[in-house]
Amino acid sequence: MAKDADGFREFAAGRLDAWRRTAYLLCGDWHAADDMVSAALTGLYRHWDRVSRMEHPDAYVRTSMLRAMLNERRRPWRRERPVEFLPERVATGPGPDGVDQHLDVTALLAELPARRRAVLVLRFFCDLSVEETAAELGCSTGTVKSQTFRALEALRARLQGTGLVAEEA
Amino acid sequence: MDDLPHRMRAAVDVPPPSRIDLDTFIAGEQRRSRRMRWAGAATGAAVLAAGVLALPPLLSGGGGPPVAAVGSPGTVDCPIPVPTVSTDTGYTGPLPGDCAQTIARLGGVLEAALGALVPRPGGAAYRVDVLVYLPDRGVYDAWFALDGPAGSGFLNIQIGRAPHEAPELNGECDMAGPTCTYERTADGTVLLSVAQGGQSRAQAFLPDGTLVSAYAYEQAGNYLGSPPLTADQLLELVATDGLGLFPAGPVDPSPARDKLRDLPSAQPRLS
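Residue numbers (my numbering), protein chains in the order written: chain X, 1 to 169; chain B, 1001 to 1271.
So here's chain B without its partners, still in its complex pose:
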């Protein structure tokens, strides 16, 4: 045995027992394949669910983190009061009177209305200082975390100048079906509501040109549970007396803008 091939074969002639067990190896690989398939399916489902959840708010012009301002004192950034309605500056303004006074007035109305709709344990009052003015959108905006009889979740209220005339019908009824409503009251207020998939929305086009929007959705945000307020409760809320911005008289709607941002489902972008 004096050549290289023979020496090589001699060197490996008596190998030690192998640590490789083919059956164990194959079983392990089959387990891994199953796990990968499940992980792939779960990832796909998660991406799909995220898309389904994210799409409606994005389409409706929102998308900002909805709970950022819940329970925290709002920073009121009031614009310089514009006393008349003649100089139309677009979506922002004109606002009647003093902004701070308006906030205090609207906050008081909302506190009373919410306290009646969803009483807090021990009769505690809602913090009205969460109501802020968003100058870039020209709306007064408030977020509340609620524990209602139907479920827990969040409520967003926006009060601003109506971007357009009150609609003649509820455009969402085609998709939402019987869970949407449309009503024109005797005083000219137009009320719209939609309840669908763990959320409920309502709007009130007030005769003075104010649009009051309310949007409630359930805590998990998966559009499967119940919102803290029903559509009927939201309708009652938006129709509360005293939420009009123009007590001195009706104003025309704001110039037309992106209608998607003004649908009842609009989630405001927090400033």
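Chain X with its partners taken away, still in its complex shape:
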């Protein structure tokens, strides 16, 4: 059975940028983000006949990217390794332009555990509700709330009162 390649192209073209941005916030690297999106696209294309009939095909792609990120973090070469000297910390103060803010927020997100980072990105960048976030991460709403709380608490402590505050849902 021939796939609806035109439908897939139209769907993906309209959302590719958003997926890349989400992936970048999840992994903190544009090349890795492209890899995540490519992996998600591959799955999406192979199951397009089924996914295209879903109510929220976007959720399928986001879930694919989240799994790719979480699986990638489990790779042996991604595990934490001891180093002789601590790396330099990224400046945490809010800068006058967007570049500084960009470095700031991605560095802060990178310091969070993967699932907490995913919770923050889904809730505050993708504007998903607690229930939707729980569904995409495959966990309970209570877990999402607690992860959100702990992630924001970590960010607040890291910023030490720089004004970076996200309203709790």
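To be clear, the hints were calculated from the coordinates, so they are not data collected in a lab.
Predicted, not measured: the structure shown is a model, and the values here were computed from it.
Where hints are given, some of them may not hold.
[What the hints assert, rightly or not] Below, in silico cross-link-like pairs of lysine to any residue (SDA-like), each with a Cα-Cα straight-line distance of 20 Å or less:
| # | chain 1 | residue 1 | chain 2 | residue 2 |
| --- | --- | --- | --- | --- |
| 1 | X | Lys3 | B | Gly1040 |
| 2 | X | Lys3 | X | Arg50 |
| 3 | X | Lys3 | B | Arg1037 |
[Claimed, not checked] Heads up, incomplete: computed chain X residues facing chain B, CB under 7 Å, no partners named:
| # | residue |
| --- | --- |
| 4 | Ala5 |
| 5 | Ala12 |
| 6 | Ala13 |
| 7 | Arg20 |
| 8 | Tyr24 |
| 9 | Leu25 |
| 10 | Tyr45 |
| 11 | His47 |
| 12 | Val105 |
| 13 | Phe124 |
| 14 | Cys126 |
Beta carbons are placed, not taken as given, at the ideal position from N, Cα and C, and that holds for glycine.
The hints should help you fit chain B onto chain X, whose structure is shown.
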């Protein structure tokens, strides 16, 4: 811009150009799908072909590697000669006289017969030391690699005590059609042959109770080409004088056993 959502959007506000090209991606996936379909079809065809090739030898009781002993000196494992036919020990034996002498005698006959049927370049003789005795089957067995006028391939010859009386007809003619033959000669020898799908087989039920079987098949083993010897040539070979095992007199057939192993197509299991 002092809240997290705004900072996140600012961080990804100006993304670098994407390395993902949707058209290239879709074309690549379509190529992959085509390759997978072809690979699946090819695998299915290969499995089917392997099944078709493997089934006939398995059904006929063989299945061993047919070329293992080709051209290599046989290890003659002769049983203790049994001088009489009275103690029937089953399919194995009784054998007339000395096994080593029988091998030498049969080897000489086969060498001459093969040399006449398929002369080797320069008149080189066939190695008769490939003839061995298989005690578990009670047969003398030889494998030859041949380059005949019709094609290249292998020839297997088995000589042993007939497992049953000579048949009244060739049971394979129903399936093989006009390429099979049945003949009862004036001296009581029954000759059967089948030529089908790159292989030819012939049997001779000799009056003394010996069964001589010959099986030739083409090199590729795909049942599509021509065997090195035709069915007529095999008939001539199995009917060669001097291949009987019981020159002292006729013996009864061996007790009945699995008939499938005794059909003309039987590929021997090499010991």
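Hints violated by the structure (listed by number, smallest first): Hints 11, 14 are the ones this structure does not satisfy, whereas the remaining hints hold.
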